[in-house]
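2 protein chains.
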Amino acid sequence: MSHIHYQELDKTPANHIALSPISFIKRAATYFSDMTSVIYHKQKFTWKQTYQRSCQLAHALHKQGIKIGDTVSALSPNTPALIEAHYGVAMAGAVLNTINMRLDNNTIGYILQHSDCKLLLVDAQFIEMATNAIEQNNLSITVIRIDDLHENISSHLGDMEYETFIAQGESDYLWQMPEDEWQAIALNYTSGTSGKPKGVVYHHRGSYLMSMGSVAAWQMPMHPKYLYTVPLFHCNGWGYIWTIALLGGTFVCVRNISTELIFNHIAQHKITHFGGAPIILGMLVNADENEKIKIKHLDYQVKVMTAGAPPPAPILASMAAMNFQVMQVYGLTETYGHISHCLWRQKWDKLTTNEQAEIQSWQGMSFPMNEEIGLMDKNGNLIPYSPSQQEQNGEIVIRGNTVMKGYYKNKKATQEAFNGGWFHSEDIAVWQEDSYLKVKDRLKDIIISGGENISSVEVEGILYKHPAVAYAAVVAQEDDKWGEIPAAFIELKKNFENAPPSLQEIQDFCRQHLSSFKIPKAVKFEELPKTATGKIQKFKLRSSIK
Amino acid sequence: MSHIHYQELDKTPANHIALSPISFIKRAATYFSDMTSVIYHKQKFTWKQTYQRSCQLAHALHKQGIKIGDTVSALSPNTPALIEAHYGVAMAGAVLNTINMRLDNNTIGYILQHSDCKLLLVDAQFIEMATNAIEQNNLSITVIRIDDLHENISSHLGDMEYETFIAQGESDYLWQMPEDEWQAIALNYTSGTSGKPKGVVYHHRGSYLMSMGSVAAWQMPMHPKYLYTVPLFHCNGWGYIWTIALLGGTFVCVRNISTELIFNHIAQHKITHFGGAPIILGMLVNADENEKIKIKHLDYQVKVMTAGAPPPAPILASMAAMNFQVMQVYGLTETYGHISHCLWRQKWDKLTTNEQAEIQSWQGMSFPMNEEIGLMDKNGNLIPYSPSQQEQNGEIVIRGNTVMKGYYKNKKATQEAFNGGWFHSEDIAVWQEDSYLKVKDRLKDIIISGGENISSVEVEGILYKHPAVAYAAVVAQEDDKWGEIPAAFIELKKNFENAPPSLQEIQDFCRQHLSSFKIPKAVKFEELPKTATGKIQKFKLRSSIK
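First to last, the protein sequences are chains F and A. Quick note: the first sequence uses the working numbering, first residue 1, plus one each step. Quick note: the second sequence uses the working numbering, first residue 1, plus one each step.
Read the hints as simulated data drawn from the structure, not as lab findings. Since we're looking at a predicted model, the values are computed, not measured. Check the hints yourself; a few may be wrong.
Copies of the same chain are indistinguishable here, so a pair counts whether it falls within one copy or spans any two.
As the list claims (entries may be wrong) - Below 25 angstroms or equal to it, Euclidean Cα-Cα: the simulated SDA-like pairs (lysine to any residue) are:
#: 1; residue 1: K270; residue 2: M222
#: 2; residue 1: K409; residue 2: T46
#: 3; residue 1: K11; residue 2: I134
#: 4; residue 1: K11; residue 2: D180
#: 5; residue 1: K347; residue 2: N419
#: 6; residue 1: K196; residue 2: I4
#: 7; residue 1: K347; residue 2: H297
#: 8; residue 1: K11; residue 2: N419
#: 9; residue 1: K26; residue 2: Q219
#: 10; residue 1: K11; residue 2: H234
#: 11; residue 1: K409; residue 2: E8
#: 12; residue 1: K11; residue 2: N256
#: 13; residue 1: K270; residue 2: Q301
#: 14; residue 1: K294; residue 2: G69
#: 15; residue 1: K303; residue 2: H223
#: 16; residue 1: K294; residue 2: T142
Whenever a hint applies, use it, and build me the whole structure from the sequences.
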């Protein structure tokens with residue numbers, strides 16, 4: 001009986017509002033109106049200004065004919081305009097498709113076409129490439145050019161300049177919250193490791209929950225000063241585009257990343273948080289002392305989030321010495337960015353530096369807004385956590401409200417990714433203590449030699465300990481006898497370039513730490529191909545030895 | 001076209017899970033299994049144990065025939081069992097109705113009946129009252145008694161003791177998450193401002209979002225040590241029953257609150273956070289120096305949340321001197337507890353102590369998970385914020401996902417509360433700088449005494465039953481200890497004018513009908529000021545006792 005009475009109570013406009021991160025923008029404009037939202041060079045915006053400019057953009061888009069569910073693409077480094085684009089496009093009910101501007105012309109053309117892009121916001125630095133891509137594909141797209149007066153980057157291409165465009169909109173435009181929190185908010189293409197990039201669709205609900213979860217997981221205080229080194233085209237900058245609004249924080253923008261800029265910005269703006277691929281950490285550690293000295297006076301720890309290949313122990317130790325607190329996170333484009341983090345435990349304080357570095361390389365535990373992370377064996381069975389099973393490999397599978405809606409116009413890939421009611425990451429991991437995860441390898445990067453699994457990540461971890469090694473990548477090389485054998489590609493540190501170690505020396509070094517079947521049978525010294533964000537492009541290495 | 005493609009992507013078990021705070025309990029058991037969840041006297045539970053005991057409770061309830069949407073009531077101080085009840089009852093899909101055990105027998109009987117309670121968990125201290133209430137109302141309710149071995153409180157009444165009851169359940173019981181996040185999770189009765197108490201229904205979605213929002217608003221770190229001074233029967237302890245699980249924190253339980261206990265617990269368990277009515281703050285400030293000295297060595301600030309009548313400036317100054325950081329919050333039972341907080345701004349650091357105390361008494365800005373707080377004039381128009389309009393009174397109106405589902409079995413009151421698409425708080429406030437709110441008065445003259453709401457209408461109703469009373473009005477009188485106390489003004493019937501009843505007589509009469517905290521502490525006999533139409537002018541009475 002009681003059941004029925006509870007059910008009688010319906011949703012009303014007073015007690016049910018679609019979850020959407022644009023709510024945080026409005027709140028920031030209400031309560032943090034005079035606080036600084038964005039800093040870029042000498043320009044500073046307040047939250048009131050950022051909000052009003054975003055309203056103008058939303059209104060201008062509306063006047064331009066952009067409707068709910070239309071795709072608006074953006075091709076830009078992390079500038080104030082790209083921040084406004086995240087807010088204004090969502091306020092217009094449209095879907096923001098931020099594109100990696102380091103991609104080649106063809107791929108950008110493919111994305112603009114496949115995404116059904118109606119309008120493109122493009123930084124002047126990339127407008128020539130963009131207009132070429134549009135012409136070559138015969139696309140009908142309105143092009144809004146963003147000139148950068150601070151860096152003297154401008155052009156005459158495109159239909160209109162950004163400032164002229166948003167001037168058409170009113171700063172008090174009455175935008176609407178989405179009626180349905182399942183409505184799409186963003187479309188982010190994967191890097192396309194196998195074939196064409198896939199369009200990952202985010203919804204308002206997920207972006208809202210990612211913001212909330214990040215505050216709890218990273219233990220963020222109000223008013224953080226956030227250096228936006230993570231490109232917004234990666235999972236909308238890991239969702240911090242919304243999180244910082246929630247917290248009334250400040251974005252500090254950079255067009256290009258350099259150690260000098262990072263140290264300068266930290267010192268000048270008292271940066272509290274930033275994120276970066278391990279390559280950024282390496283750059284900071286190896287920077288000149290006269291750059292590092294700029295942050296010597298800081299009386300607080302700068303929190304740094306990193307993802308991807310785990311940083312080697314010496315890098316972590318050096319980061320700690322510079323008063324950086326590094327936390328490893330894990331996630332994919334399909335999960336709105338990070339959904340696990342290596343939360344530090346007090347009990348680990350007493351371990352040695354190397355033991356601590358090993359733990360810091362773990363991908364850790366689930367973010368609070370993510371529901372479940374499991375490990376699945378080849379037969380589709382979950383591998384339960386047990387401290388004694390730390391060697392059983394499994395695929396990371398994920399359930400949660402920050403898992404994508406699906407792939408845009410790709411039902412087959414969507415169904416495969418959600419097979420059995422879990423999102424399949426294609427990453428291989430093992431359980432560590434306290435149900436923490438440690439990623440062993442990408443499913444496709446596992447090397448199977450003589451029936452034995454070899455984790456390329458494990459071998460790379462050893463290679464990184466060798467004093468001459470700057471970067472290392474291990475891939476499978478076909479072999480008549482063993483099926484596959486591990487082959488190593490090594491980029492040497494500058495001071496070893498003229499005196500590289502021998503194959504024998506590398507193998508002897510590995511032998512001290514690895515089973516013999518895991519020792520690279522071939523070693524090649526060369527500069528490694530990397531993505532814009534510093535990820536080593538193993539597929540290029542793989543094809544080079546085929 | 002793109003619109004359609006975005007819509008094609010349906011919800012799946014991988015990417016859409018009902019928001020529910022019981023997710024946090026499971027996560028705590030997974031990742032914080034060996035950490036302390038609950039401390040009560042010398043007993044400590046880990047999160048694994050608390051989770052397992054909650055599973056046992058859920059299973060035992062299931063075996064007892066409790067189904068989704070059934071009401072399970074609880075009448076208990078903040079003990080480990082009441083914490084488990086929050087988790088276990090929700091895991092069973094049932095709705096937890098925590099009852100204020102300070103209420104009188106009749107009101108408790110009314111709530112047990114009106115709530116359609118199927119099973120009652122009751123602390124042994126209150127079982128006699130509870131069984132009486134059940135008998136008097138001819139209710140058919142299974143009674144599970146909770147003995148307290150730490151304080152030697154036990155009984156033989158009831159159908160079964162709690163430990164025996166949960167021993168019937170398995171610790172690995174496969175409970176289910178709710179299918180629909182709109183499903184009811186809790187039923188919390190208001191104090192009954194006008195007539196009978198109303199049953200406020202919470203849903204899983206709201207309790208989940210309150211937890212997330214509290215972390216951000218109170219800037220809570222991981223693993224807080226939370227002294228549970230706020231009764232769980234108030235909005236499920238302002239939602240911290242879930243928040244602490246989210247953060248892998250520790251509850252420290254107390255049966256009765258005393259300054260000695262609070263100082264001892266803070267020192268012994270290194271309490272980081274607690275909440276309390278202003279009366280608790282007053283008690284702490286006025287405590288003996290030999291109690292206060294116990295926390296002198298603390299090297300951190302204890303964060304204290306307070307709600308209700310704003311604490312006076314000297315209290316706040318003394319709290320600060322003791323290294324307590326006090327934050328004023330505002331909310332109602334209908335909003336799951338707090339939905340606004342007086343977030344401190346750096347710019348206020350330079351003000352005088354009195355100016356700071358004035359600001360600290362503001363109800364402040366919206367929590368992040370709450371969507372909107374507005375002020376509405378008598379004509380139903382929103383009063384826009386403007387720094388120059390700080391004297392225009394308006395009713396606080398609220399929109400958000402932490403606004404109740406509605407009142408249980410009371411469609412009329414539900415519709416009235418949600419009139420015009422806003423929840424009407426019946427509290428009167430004005431705007432302050434930065435869109436902060438300051439509550440001026442309560443529409444219905446609620447008296448807040450020791451953190452408990454007293455409806456003047458209810459007390460007046462009793463007074464009117466006394467044979468000597470012609471007219472009665474009850475207003476709040478300021479009180480150093482209790483914040484406010486109820487003061488009664490009585491106009492006697494003609495034939496009693498020469499032989500008025502004594503204060504004692506009036507109080508004894510009230511005691512037959514009212515909980516003791518509602519009994520007027522002062523009574524004055526006089527002709528009451530009335531309007532032309534005979535309405536009593538309470539504001540005149542209020543000013544006469546200031």
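Requested in this report: Enumerate the violated hints, using their earlier numbering and listing them in ascending order.
Outcome: Checked against the structure, the hints that fail are numbers 2, 3, 5, 12, 14, 16, while the rest are satisfied.
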